[in-house]
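Residue-level listing of the chains:
There are 2 protein chains.
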Amino acid sequence: MTTAQAPEPTTGRRGRTARQAARLARTMEHLPYLTRKLPPVEVVSVEGLEAIEHNADTLLQEVGIEVVNFPEAVEIFRGAGADVQGSRVRFERGMCREIVRASAPRIFTQRARNPERNVVIGDPHMVLVPTYGSPFIHNLDDGRRYATIEDFRNFVKLTYTSTTLHHGGGTLCEPTDLPVNKRHFEMVYSHIRYTDKAFMGSVTHPSRAQDSVDMARIAFGNEVFENEHVIMGLANANSPMSWDFNMLGSAKVYAENNQIMLITPFILGGAMAPVTVAASATQTLAEALAGMAFCQIVRPGAPVIFGSFASSMSMQTGAPTFGTPEPQLVLFVLAALARRLGVPFRSGGNFTASKLPDYQAAYESAISFMATMQAGVNFNLHTAGWLEGGLAIGYEKFMLDEDQASMAGAYLGGVDLTENGLALQAMLDGGPGQHFLGSPHTLANFENAFWRSDLSDNNSFEQWELNGGHDAAERANAAWKRRLAEYEEPLLDQAVHEELVAWMDQRKASFPDSDV
Amino acid sequence: MTTAQAPEPTTGRRGRTARQAARLARTMEHLPYLTRKLPPVEVVSVEGLEAIEHNADTLLQEVGIEVVNFPEAVEIFRGAGADVQGSRVRFERGMCREIVRASAPRIFTQRARNPERNVVIGDPHMVLVPTYGSPFIHNLDDGRRYATIEDFRNFVKLTYTSTTLHHGGGTLCEPTDLPVNKRHFEMVYSHIRYTDKAFMGSVTHPSRAQDSVDMARIAFGNEVFENEHVIMGLANANSPMSWDFNMLGSAKVYAENNQIMLITPFILGGAMAPVTVAASATQTLAEALAGMAFCQIVRPGAPVIFGSFASSMSMQTGAPTFGTPEPQLVLFVLAALARRLGVPFRSGGNFTASKLPDYQAAYESAISFMATMQAGVNFNLHTAGWLEGGLAIGYEKFMLDEDQASMAGAYLGGVDLTENGLALQAMLDGGPGQHFLGSPHTLANFENAFWRSDLSDNNSFEQWELNGGHDAAERANAAWKRRLAEYEEPLLDQAVHEELVAWMDQRKASFPDSDV
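Those protein sequences? They're chains U and D, same order as listed.
Each residue of the first sequence is one higher than the last, beginning at 1 in the numbering used here.
Each residue of the second sequence is one higher than the last, beginning at 517 in the numbering used here.
Pulled out of the complex, with its shape left as it was, chain U reads as follows:
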């Protein structure tokens, strides 16, 4: 479809650079996360939410959680009072909820290497984070191919220079050119070196979680590491109702170090749960409660985030589908359940099953992201880049999503009902048929009145054609190249860097490469 050549920017480079610098400066004056004034959207009554909570407790009590290949975790649950039979762990009604409520923080701060970029995670705030975990990349130049560590660094840099994304994310893509058992070193190193935003570590094996945590300790120093939350891990349940060694083992490492654990059941409706919205929500709640309770038993007070990833399914092929109504309804229900539980909530993003940044990709992404903005999500993984059901991260998709997601601040700001917002006098001063372009109220408010995309083209057809007639993906292609060309590394203490590299070299040399 689209050609790979980079179009000229629609405005001169100097103008755009200056504008971006001004915008960055403006952004940095504000807090490096969003604050919600708009009430969250509720789609189910309190009675409905109570019914779902009741059923989640029934699942935990009757079915329980299968703990796969991790006897130590079974013992941890048994020690807290759970009913254990072999590797099956069952919980009395309300037990997990009470454990979580007793010690999990409602809101906490993740420290960034640059403290001005610390993010606050919990109501009424929202933190935007790039996509996670794709083995492939897509761009207009190469099409789709396996991701490399070079791609990984590129996305670290694009995230660092983004004024929309507040957090550096984690496995932005899989560096498939590195051995599987040593990728985490280079990923965590890149997050420490090429950005100063908060980041996530590895969870593919508890030893890799430990390496990630150890590297964070070097980067932040012992004192900060001991007293603050500087790294986050993401654990997915093996739905239905199962947690395995790698995930719970990694969760244990993060929790015992008082670091952050994002507990996310991943549910493809019809496969890992029944096909209904309420069932997806019920099972997600049950599985997440068990995971979050585990972290609180390991270390009461260690921060956890209640996560949900839910998708619908094609009746024809069994493929996951995105931007459909059902996952948005699941999202709204789970956000409400997280508020009732009193922990930060993660879900949503710019999701699509499309293979390229086309109409389908954008429509599905926008439907997903609108719900994300509305539901009361506190931590939004997958804000930018997601393509092909998560199998690929797109360079153009990243830029387009990041650009559109910058609307979230204006949207969450809600309706201004101050005297200036109501603007009665301005309307009384104008007369019928008179325009407001030059009115004092307009002049006083114009600059911040309307959110505006940097990549959308709102010109006339004629002007757009004169500028080359490029579609949005072609404009985004030019934009990511420009951003990477202009990238400059943030400061990193030389001694810290040397210690980190030495530690990493020693660890990497201590065991052979492996692709499992």
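Just so you know, these hints were derived from the structure itself, not from any lab.
There may be inaccurate statements among the hints.
A partial selection of chain D residues facing chain U, derived with a Cβ cut-off under 8 angstroms [to be verified]:
{"hint": "1", "residue": "V740"}
{"hint": "2", "residue": "M831"}
{"hint": "3", "residue": "A869"}
{"hint": "4", "residue": "D932"}
{"hint": "5", "residue": "E935"}
{"hint": "6", "residue": "H951"}
{"hint": "7", "residue": "F952"}
Backbone N, C-alpha and C fix where the C-beta goes; we use that ideal spot for every residue, glycine too.
Once you have looked at the hints, place chain D on chain U.
Below, chain D alone, put in the same frame as chain U:
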């Protein structure tokens, strides 16, 4: 960007046709409009809504409405008790609201030529309608060019064969190859002949409104015409606070015939109103109240729809922008105000400023349409086709929007909290780690469990590539050609048709062509 050649459909033609037929049959079993179970999204407190209503009354009282070139309308307002000074009409606080509340129906039926397609307009229903008023068309074959009567007929046919769109709409595009003062004959004729869905008539001059109404009388016969609502007109205020001869004159024609009037202030924030959300809502309410009151004074009980069209503006160029947060907030506020007033509400659609069906177009459209689904819109003009700020209707855009908008039924259906929806037993019967693909609950619910797009591609990358690697716009290009090729005219009584053509020929011959 995209090439114009029509790709093969991703499934065989027979399979797709059969599937479409089955889908059509399924749709026709249901009511030909949607029913909302989901609670509407509220973004402002009751106190906030009251403040806006208070200020709208202040505007009507202090500034009033300028009635341009239409002394008869001034007299009509004076007769109802308004304060008149020259062409300026002012209303005591609450006067317009009381007039509207006293006689405007909360809900009414628009009769379609095929009574099985009658639409019910008002809460809790939603009627989806194609876009309106574009002078240009866009498709992948021709690019952008002026619209013709052939295009108009094509969009009538595409709307007729749509299982998503409930209503035929009005000026689907401007047939610029016909004289301005006679276009309405061919447009209304096409709506009567090539479809049997409900439709809209002309409002560009009161005489053209009268012609439209007269043609509807012939098509439906005197008895139906006298007793039912068979045609609708759309009037835009000249914001701020002004109504002109063509619009109020046309409104008078529709209202005195007990036909439907859609009263829509069109506000580009910063130009026709102050730049804030609350001010756009206040002024829209004031202007719409005056317009709806006018119709009720002319004929108490004539159906009116409270409309709003609000867009934001680019700070750089003054161009309207779409899919931005501010117009969605305006939409939510006005839907709430319409509920309080007790009249059906029209707003929203799949809006964009993009010139082609690209990422920008889809993102902006989806953000707009998600709010449209959520707010409690009863009549949704501009559901499908809108490009370039409304200057163009796109063939591919129409198909893509119509396809995506078919999700509205599932979305408005909300969360099923019945025993089947909660699906507790299915979860208790399954065990940890077991999939649900073959469970009795899944098999019983699978077919209707998830909404699914017909144009989105959810296949694997490899399968998608094998199918030609087409983007969504290319698939839509094939789809509209297929739909037009398969189109068959609905039945129309031969005598009615002859009477209509004879009447039209006589009227057309009675005055010279003109391009004003």
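These are the hints, each one checked on the structure:
1. V740: 37 angstroms, violated
2. M831: M831 (chain D) check passes; min Cβ-Cβ to chain U is 6 angstroms, inside 8 angstroms.
3. A869: 4 angstroms, holds
4. D932: 6 angstroms, holds
5. E935: 10 angstroms, violated
6. H951: 5 angstroms, holds
7. F952: 6 angstroms, holds
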